[in-house]
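Protein chains in written order, with this note's numbering: chain A, 2 to 657; chain B, 11 to 196; chain C, 1374 to 1519.
Be careful, since some hints might not be right.
Stated by the list, open to error - To give an idea of the interface, some chain A residues facing chain B are shown, with a C-beta separation under 10 Å as derived from the structure:
hint: 1; residue: F289
hint: 2; residue: G311
hint: 3; residue: L315
hint: 4; residue: G316
hint: 5; residue: L322
hint: 6; residue: I324
hint: 7; residue: A329
hint: 8; residue: Y330
hint: 9; residue: F568
hint: 10; residue: Y569
hint: 11; residue: Q605
Claimed, not checked - Under the rule of at most 20 Å between Cα atoms (straight-line distance), these lysine to aspartate or glutamate pairs were calculated in the DMTMM-like manner:
hint: 12; chain 1: A; residue 1: K560; chain 2: A; residue 2: D606
hint: 13; chain 1: B; residue 1: K123; chain 2: A; residue 2: D606
hint: 14; chain 1: A; residue 1: K560; chain 2: A; residue 2: E525
hint: 15; chain 1: A; residue 1: K521; chain 2: A; residue 2: D447
hint: 16; chain 1: C; residue 1: K1406; chain 2: A; residue 2: E525
hint: 17; chain 1: B; residue 1: K146; chain 2: C; residue 2: D1435
hint: 18; chain 1: B; residue 1: K146; chain 2: C; residue 2: E1441
Unchecked claim - Estimated spans, in silico, between C-beta atoms of each pair:
hint: 19; chain 1: C; residue 1: N1394; chain 2: A; residue 2: D603; range: 22 to 32 Å
hint: 20; chain 1: C; residue 1: D1398; chain 2: A; residue 2: D156; range: 41 to 51 Å
hint: 21; chain 1: B; residue 1: A37; chain 2: A; residue 2: K566; range: 55 to 65 Å
I should point out that these hints are in silico values taken from the structure, not numbers from a laboratory.
No experiment lies behind these values; they were computed from the predicted model shown.
Cβ coordinates follow ideal geometry from the N, Cα and C atoms, glycine included.
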Amino acid sequence: MNNSNLGEFSILIALVFCIWGFVNSALGGSRRDPKLAEVGRRAAIPTFLFATFALIVLEVALLTNDTSVNYVANHSASTSPLWVKIVSLWGALAGSILLWAWLLAGFLLLVSRIAKNDALRPYALATMFAVLTFFLGVNATVGSPFLEVPLPPVDGNGPNALLQNHWMMAVHPVLMYIGFVGLSVPFAYAIAAMLTGRLGETWLVQTRRWSIVAWAFLSAAIVSGGWWSYEVLGWGGYWAWDPVENASILPWFFTTAYLHSLQIQERRRILKGWNLGLIVAAFSSTVFGTFLTRSGIVQSVHSFSKSPIGPVFLGFFAVTLAITLYIAYKRLSLVRDDHSLDSPLSREGAFLAGNLLFSSFAFTVVLGTMFPVFYEAFTNKTTSVGAPFFNQVGIPIGLAILGLMAIGPALTWRRLEGVALRKTLMIPGILAVLTSVIAFVLGIRDINVLLTLAFSSLAISVLFVVTGNAMRQRRQAEGGSSLKALGELLNAYPRRYGAYITHFGMVVIAIGIAFSGAYKTERELAFKPGETKTVLGHEVRYYGLVGEQRPEKTIQAAKLEVDGKEFYPAQNYYGTQREAVSTPAIQYKVGGDFYMVLVNGDPQDQSVSLKFISSPLISWIWIGGLIVVIGAALTLIPAIVSEPKTVSSNVAAASD
Amino acid sequence: MQNANSVQKQNPIQKFVVPIVLLAFVAALGYGLTKPAAVNTSSLEGKPAPDFTLKTLEGTDLTLSSFKGRPVVVNFFASWCGPCVDEAPMLSQAAIDSAAKKTVFLGVAYSDKAPLAKAFRDKYNLGFPVVMDDDKLEAGRSSVKYAITGVPETFFIDAKGIVVKAITGPLDAESLQAGLKGIGAI
Amino acid sequence: MIRILSSLLILLLAGFSLAQNAAEDARVQALAKQIRCPICQGLSITESSTDFSRSMLNELKDRVKQGETDDSIRDYFVSKYGRVVLLDPPKSGSDLIVWGAPLVILFGGAAALFSYLRRASNQTMPEVRSASLEKVRKQLEESQKL
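Chain A on its own, in the form it takes in the complex:
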């Protein structure tokens, strides 16, 4: 049996077990038959095993350069380094669907093992089985990586040049897929909650951690993807509002809104329908995004070229929406919001306003991305919606979100007395104004940067004031040092302080975005060997061109000395692909990066044209991303609850 057959075979077996698991879980749920449900639950094991086996077969085929497998013939080459061969698994469409299916099978197995045995579980597992059936089905049919090549070529076509140019290829896509797949768990529980009519808080609480994990992976994927583009695309930016980037930010918007609004439901038992809507939107936007970028309906640097997978994903997207809506309309009449809000000026009010902003942002992104498609469909003319549009609409919304995030922690649940709010916001407010005044005096005139600075300083000082208040309360209640009080607080409310750290990370990112966006400067200069020039405040000396021939690529690099250190901005030529992939050289500094691109070089007289970009504070975006993920991880730590002794600590708990 060759690799092709072996791979196809194991996909089919996995598919059979998956359908078996779906049928039994669904029947077990609807007939309330624990035995059937158990059979369904156990089907997760063989499903995962055979999906794993399929993955291994493809990986072996890649590593042994078995070109009788079409995926290897089309997307791999024997000359690639080992790591490129390994990650070629998700370097093209069919393989990345397989990775997606495998991760989903893994999550399914995990849920089937650790989820609480309750009425929701069979339905949740059935939903996940159904989603997995789709992905395995795609792998078994239109998106099969295992088709047999009748006359195997000696060597494959090689992976996409852009993808093998950086090690981030090994990291970013996997993070993204884990984030996408992670969202299927809360989605599955949302469906289960609707089917069982148990629309209370149980499903939310049960899947809160899954949602946070998915969110953290999405955040990490987006930031790392930004850094990847920054490192390889050679234009000094990290985000071009490309359709695939837009597709990746949509689930993030919905999940962020969801993570905040679920807290309202946890506390006030309202917004049940809205929360269901948000998680369905988050999940279906991952499918929509895949459709968008893989169908060729929009042009994108990332799209793997047109493929028959487009209609299939559109169909899945439509079916998901149809089924969800059908269930929702049958069941949502049961939804009664038991409680109501006390006052708009409360944490609830802020979260709701945030919900509105995130949803509007998501809407804007969908609209901007899809507008050219609709425009072309109805007028037969092409048009484009680019970065300036998204920036003009997105920056004000982003600033409003930052502002809300700044005052949010100062607001308490239920309602807030104006006096208390004034007390909490007094010092942070003064600091915020002071920060922007100082920035103005120092010469910053960009209104967006000034607002970002004001909100950032407000956000951070509010976090300090609120934490300080909580420490004081605890000390008054239990005595001891401030440090002890802080330690206890951290232990007791990891969720709250994790969230604060995440907010702090977002502030760092916002500052990075604002400064690098507003104060990016660039110069393009021609150099002859031995010349030294001062560029944007840096001493740049050019020595000459250096070349290197590797099996898979030819490198042409300019040897530069910048501020006493050597840098090699380069252009890489891969195999038969003529287009050069430029590899910029970057001098990283916390205060601002110096970015060097080799635009072109003449091997004969060694003259080069170089582009230099100076971006202040741009690395704060990556640092902030790291802080965000650390904060999100902290929220997952179970709380060590020291018995609250007094009323005041109960109050604190309530404002978690």
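We have chain A already, so just place chains B and C on it with the hints.
Same frame as chain A, now just chains B and C:
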């Protein structure tokens, strides 16, 4: 945010807003997907051919409008481009075949170096003048004037100086014949 | 005297042309940011360093130098490359949909949210007399002191 409340009230209009909006969205996507992509016709077809003055490989000035009164085929190419290699022999043959009608063939080397372009011309026996695109001079910025977005691109210009047909991407025997016929070159 | 005057004049002219150059550069940058590089997705011709964008940037510079208006320069590029060459649709005609819809959603959503908040917070909030509120607060404070 309305959902939770509005659904409770079962207001029939509100109830169907979400499904209808989503249905329209999916339908539009489906339409966009199945509809054939708009044919990328050059904005130049039917319009006077923009004039340019460029240096030939031999270093003399060549102005496009000096060929007015004769059919002209302008082929943008580059020595580094694969498809250009494929279509070069075809062009070379077509130039010979259409000589009777005084058809002018003109190669414009884009983003290329003169020695490389010369080697390309000699290798594929291009018996017609080749000029070097020069984006530093306004008169020579032929790539912008013809809005080319890649090589090869070929423009068929009739004796009146009107662009009759523009081919984006590589030529095949059929499109080359049709183009030549369209300008009365054969 | 004449020499001083003439050198002053030259200085003045030089300064004037410098200022003019700076203004021209700013215009070139502002315009070029709206023009899309035809072969790279989503990048403007200032950001991409392909030959195509380079040529287009040169063309744009010449046109600015010749004193053409922004609109006529944009129109020139549109006439050549089609509307796709503009990174953003113009703020007129049917394109107003794409600019207006986010605002409609944002403000419509805000109105909906506002009415929801009013309804939701009025429903179960019986008027609390400030006297009884004061009483509760006192009790709370006392219990904290214990």
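Here's how the hints hold up against the structure:
no.: 1; hint: F289; in the structure: holds (9 Å)
no.: 2; hint: G311; in the structure: holds (6 Å)
no.: 3; hint: L315; in the structure: holds (6 Å)
no.: 4; hint: G316; in the structure: holds (9 Å)
no.: 5; hint: L322; in the structure: holds (5 Å)
no.: 6; hint: I324; in the structure: violated (12 Å)
no.: 7; hint: A329; in the structure: holds (8 Å)
no.: 8; hint: Y330; in the structure: holds (7 Å)
no.: 9; hint: F568; in the structure: violated (26 Å)
no.: 10; hint: Y569; in the structure: violated (23 Å)
no.: 11; hint: Q605; in the structure: holds (9 Å)
no.: 12; hint: K560(A) <-> D606(A); in the structure: holds (15 Å)
no.: 13; hint: K123(B) <-> D606(A); in the structure: holds (13 Å)
no.: 14; hint: K560(A) <-> E525(A); in the structure: holds (16 Å)
no.: 15; hint: K521(A) <-> D447(A); in the structure: holds (12 Å)
no.: 16; hint: K1406(C) <-> E525(A); in the structure: holds (16 Å)
no.: 17; hint: K146(B) <-> D1435(C); in the structure: holds (10 Å)
no.: 18; hint: K146(B) <-> E1441(C); in the structure: holds (19 Å)
no.: 19; hint: N1394(C) <-> D603(A): 22 to 32 Å; in the structure: holds (29 Å)
no.: 20; hint: D1398(C) <-> D156(A): 41 to 51 Å; in the structure: holds (50 Å)
no.: 21; hint: A37(B) <-> K566(A): 55 to 65 Å; in the structure: holds (57 Å)
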